[in-house]
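Trainee: Here's the letter readout for the chains.
There are 4 protein chains.
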Amino acid sequence: MKKIKIGIIGAGRIGKIHADNLLRLPEAEVAAITDLFAGPELAAWAAARGITRVTRDSDSIIADPDIHAIFICSSTDTHVPLIIQAAAAGKHIFCEKPVSLDLTQTEEAMEAVKREGVQLQVGFNRRFDHNFRRVRELVETGAVGDTHIVKITSRDPNPPHADYIKVSGGIYMDMMIHDFDMARFLTGDEVEEVFAQGAVRIDPAFAEHDDVDTAIVTLKFRGGALGVIDNSRQAVYGYDQRVEVFGSKGSVNVTNDHPNTAEISTSAGIMRDKPLHFFLERYNEAYVLETRLFIESLLSGKPLPVTGHDALQAERIALAAKLSSRSNRPVKLSELGGVTCQI
Amino acid sequence: MKKIKIGIIGAGRIGKIHADNLLRLPEAEVAAITDLFAGPELAAWAAARGITRVTRDSDSIIADPDIHAIFICSSTDTHVPLIIQAAAAGKHIFCEKPVSLDLTQTEEAMEAVKREGVQLQVGFNRRFDHNFRRVRELVETGAVGDTHIVKITSRDPNPPHADYIKVSGGIYMDMMIHDFDMARFLTGDEVEEVFAQGAVRIDPAFAEHDDVDTAIVTLKFRGGALGVIDNSRQAVYGYDQRVEVFGSKGSVNVTNDHPNTAEISTSAGIMRDKPLHFFLERYNEAYVLETRLFIESLLSGKPLPVTGHDALQAERIALAAKLSSRSNRPVKLSELGGVTCQI
Amino acid sequence: MKKIKIGIIGAGRIGKIHADNLLRLPEAEVAAITDLFAGPELAAWAAARGITRVTRDSDSIIADPDIHAIFICSSTDTHVPLIIQAAAAGKHIFCEKPVSLDLTQTEEAMEAVKREGVQLQVGFNRRFDHNFRRVRELVETGAVGDTHIVKITSRDPNPPHADYIKVSGGIYMDMMIHDFDMARFLTGDEVEEVFAQGAVRIDPAFAEHDDVDTAIVTLKFRGGALGVIDNSRQAVYGYDQRVEVFGSKGSVNVTNDHPNTAEISTSAGIMRDKPLHFFLERYNEAYVLETRLFIESLLSGKPLPVTGHDALQAERIALAAKLSSRSNRPVKLSELGGVTCQI
Amino acid sequence: MKKIKIGIIGAGRIGKIHADNLLRLPEAEVAAITDLFAGPELAAWAAARGITRVTRDSDSIIADPDIHAIFICSSTDTHVPLIIQAAAAGKHIFCEKPVSLDLTQTEEAMEAVKREGVQLQVGFNRRFDHNFRRVRELVETGAVGDTHIVKITSRDPNPPHADYIKVSGGIYMDMMIHDFDMARFLTGDEVEEVFAQGAVRIDPAFAEHDDVDTAIVTLKFRGGALGVIDNSRQAVYGYDQRVEVFGSKGSVNVTNDHPNTAEISTSAGIMRDKPLHFFLERYNEAYVLETRLFIESLLSGKPLPVTGHDALQAERIALAAKLSSRSNRPVKLSELGGVTCQI
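Chains as they are written, first to last, in my numbering: chain A, 8 to 350; chain B, 8 to 350; chain C, 8 to 350; chain D, 8 to 350.
Derived by calculation from the structure, the hints in this document are not laboratory data. A few of these clues could be false.
Identical copies go unnamed one by one, so any copy, or any two together, can satisfy a pair.
Derived lysine-lysine pairs resembling DSS-like cross-links, with alpha carbons at most 25 Å apart [stated by the list, open to error]:
(1) K256 with K10
(2) K12 with K121
(3) K23 with K9
(4) K9 with K256
(5) K339 with K23
(6) K339 with K9
(7) K23 with K10
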């Protein structure tokens, strides 16, 4: 059996998750893991999993002719240079989202990928969630008919640390970008125009960084459908991830996943446990599938399930939303034509 | 026991519903019913209920000193003159929604009501729905905390007849006006700005009358919360009436009512029956309560649960939405200041 | 329009409910109401509803040739003599359940009904519940296939007063009799054998009266299906009324009705309100329908929806359950052949 | 880090599942796998997982001093001799259920385990299911109060092959044994008496082997609670695994797990996908946890979560149920005192 040999760059939480998921695939081998801060702890972690090569030197990994593909799990600012470097070395690439906070740079990275003829998959993990896949399947097979309205709710259980807020790129690029991708994934259509309304309801720290913590964005799709996304940085009852697609033949709704189905009836009312806490719990299986499909596609030559084009389009929508929010007017994606500002 | 004697003007479907609901209240008496087309059929219908006075002459009913209150259930264009006439005669008034399609006229009617010192209740029946009342109660008692986001879904099972479309006042005034009132009711707050996006997805007839059949409207509230309403003229699975209020302490969702709780599991999947078909089924009990509270308030001297001010505010939001949809920009309600155009 | 004129015997809670429901039917007229303790209060109650004849003398009502039907809503011990008296007077009869606590007497009453050629409906109100009717419909139309298992859960929110326990006839005759009727209604089949297990878990007062407060009864049906019923005198979360029919083509489950669909998500979990409190709330509409179908059947000549035979069969099952519980062995209904003991 | 070295006996479906789950545990090592029919296919399967020792000779594995624990995943008739052999060799044991179809033999195996001072865990996988654990937790912490009624529904999607029926031990020993264990697990109490009613509703093949395919068993617990279990060999809508514990303070219900939360509303009704198909899907994570806790307990010296005593008790209840079903009378477990017949 042919095996895809992988080098992982970045051994933070998400890098380790990808490593563990790759280890469960007989067709993949984690040949090396690199991290700027690699030390004894990472070495022990790797040893327990049979990963023998641990280094701080990502260049040697990218250059290694025995390695077929690179997982880029390092900080966002390193994504573009690493993509360009890996593409130049002829490696296939899995890159975490967002590719960058700068559309021009994302475009450069995509051009490198195209030029070098390598494959790139972007880590829009939610596309691999069992609930959202079922929605997409029903839309694709026509069960919903023509799409009229798409609704996406996406709320985090806790706001990020204050340190992170200033480097996050803002709610539209950091958080809602997943929902912009979801809107494209579910409908199979492109967004033409957005109108964004933001508010600071949770923590004034967001305002200090010219950001918001609560936002509603409406979407106009090329095919004529409408959409709406709402985001909050803090849902005290937990991670809230729901979508609805409404069309001429019906509607599909998916709600949250829960740790169990227990319903507790007492004199106080009927209670059930909160949804799965956050993305690691909720998208646990989605991460497994995203990794598996990456490997399977490379082996079979089938197209990757999420591409650099998807990253680019989601970033464009996020940029338009940011402009809309600031100018309090609807913004067409076509307006962004030559816009290359950092967002 | 004191009884409130009622004259009903307009014996269409909704007039008859109010009559039947009043007949169940020991404190109310339906003294007369009038209709432009009153004939033997209406007489028989009334006789079976012990209503002895049936006439085409609404003037005599309004003038009758034995009658305490008038239910205005005739066509929209008659509402304002009838309110003014009834107010001048010193009658309390229950008027179906919308009061009119012209803000100036609605204002005139409200001034007459105020001048004559009578009470007026407007037929925003959804405020009396068991589900929405529970949401309001939870918001009011603080269970939700500060409101961050309000979401309202409102979809009809079937579009109206083509004849009706042209006189309806359009989706914002005819259909979404209920949701604008709901947004105010649930939050206890006023809308400051709206942005409306409409689309024709169901029937080109809407476009012919400069109307849409699908719409999403975002709202900014005075207190800083955001809101979104989606409307469709046709949900093939039935009347879809859901709301959600999300805040700092949690979220409240209400879904549709169903004719039963049966869940049918077969080899094809798990099925349940569609929601209650349309407003008559869904708001059956809400109509009963709205009538009962009108009578109780008149008897006790407590304020009426929905007033002319509520009608005026909902119409103002609807007008702003219409302007927004046409101009593709957010519209502040303060812009409407002196606007008195027919909408 | 022909009207059925009714005399109501017994003006307790259930007699008044039937009166109010009959008042909403244009085809029915409540001509008189009698009660052993009729006084000014009842007279006022009746006057407010336009019922002019209020008396303590039930004989004159039964004898009145203008009255077509009698509603027997008095205490259980009066049911049989009143049925015999009303049948002899040629009146149709609606009798509350149970007809009696003595099978021989119930049989005598049924013979009188048959001999005199009058119609009798027994107040098994649950047969008219929207949920259970939907289950029956699905069984009847074959959606469930051949029935394999029937499960019925029936739990009261509060135990009855101690005074009532001793005269109740015990849990099988007083409470589970509804479920025995439900088992026959849902399956359209007859019970052949029962095994009853009871326990005292809530209040020792039940043991003092040779009764139990918690019971599970298994059923064998003539057609080969199995069934199980569980009862509790106290479910602290409210009235619990659920059934399931499982068969060769699938399963139908119905759960409780709730006062609203609100789901409240907070940091403590997800909550909804308890089920509708007790039988008056849950079976409110069932009482309306049971009365309406009684009147409609009398007018149309169609068979009544629940008959004396149904009362007799449910009582036979209850008696068998009581014997089973006492003897700790399964009991066949055929064993009851000549048994006429009071139960 | 200390590692537990495991030898697996039996490389059928369940043996491979345990192997894969053990491979995910850093504290466990699958040192060898043996199967009577081990061949190139198994060798390849093992090689892909880094398991280097594959053999048909279980004796050498059991005798190997480097191996700490044995997983017995072979056919039921081999369980007892293998337990005795492994215990004599001082190995800890994980044995699939049922230990045997003969109580005397199960007792002999348990005596060997006790005598040799090894640990034995029995594969009652359902105890590790997220739903049932939540129920147990709520019972244990007192949220339900005193237990009054336990209800367990357990239905397979498809009946077993005809060949299996004759060697299965019958529905009570083969299928309901899981539910008997669940009843003990949920309540923390012992069953004193059972009454079993069986029926052949699905396939006459069951009758040919003196077995049934549909059964309801009622239970009396030592502490006074009542219980009921229903089983069917064929639920066409899929694997149906629900429990309810009802007590003085409330009730806990758990329903099935589904592949997604999608609700599809069309003109035909509202639909959702069937439950997870069968035990492999539903108890996927339960198998992982059961293996993990076995390893953790061995390492920490904490008691194993399911013991030989549990196996014995469940088998005793199953035997009593079989006797009850055959004799159509309730059977006390105390009657089984010296009973050692094969069941």
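Trainee: With identical chains treated as interchangeable, where does the CA-CA distance between K339 and K9 reach 25 Å or less: within a copy, between copies, both, or neither?
Mentor: Close neither inside one copy (47 Å) nor across copies (61 Å); limit 25 Å.
Trainee: Classify it for me, K256 with K10: is the Cα-Cα distance of at most 25 Å met within a copy, between copies, both or neither?
Mentor: neither (45 Å within a copy, 46 Å between copies)
Trainee: How do K23 and K10 come out at 25 Å by Cα distance, when the copy is not named: within, between, both, or neither?
Mentor: both (20 Å within a copy, 22 Å between copies)
Trainee: Given identical chains, is K9 near K256, meaning Cα to Cα at most 25 Å, within a copy, between copies, both, or neither?
Mentor: neither (45 Å within a copy, 46 Å between copies)
Trainee: For K12 and K121, with the copy left unspecified, which applies at a CA distance of at most 25 Å: within, between, both, or neither?
Mentor: The answer is within: 22 Å in one copy meets 25 Å, while 49 Å across copies does not.
Trainee: For the identical chains here, do K339 and K23 meet the 25 Å Cα criterion within one copy, between copies, both, or neither?
Mentor: neither (39 Å within a copy, 50 Å between copies)
Trainee: Should K23 paired with K9 be assigned to within, between, both, or neither, using CA atoms and 25 Å as the limit?
Mentor: Both. Shortest intra-copy (23 Å) and inter-copy (22 Å) distances satisfy the 25 Å Cα cut-off.
Consistency note: the structure conflicts with the earlier hints numbered 1, 4, 5 and 6.
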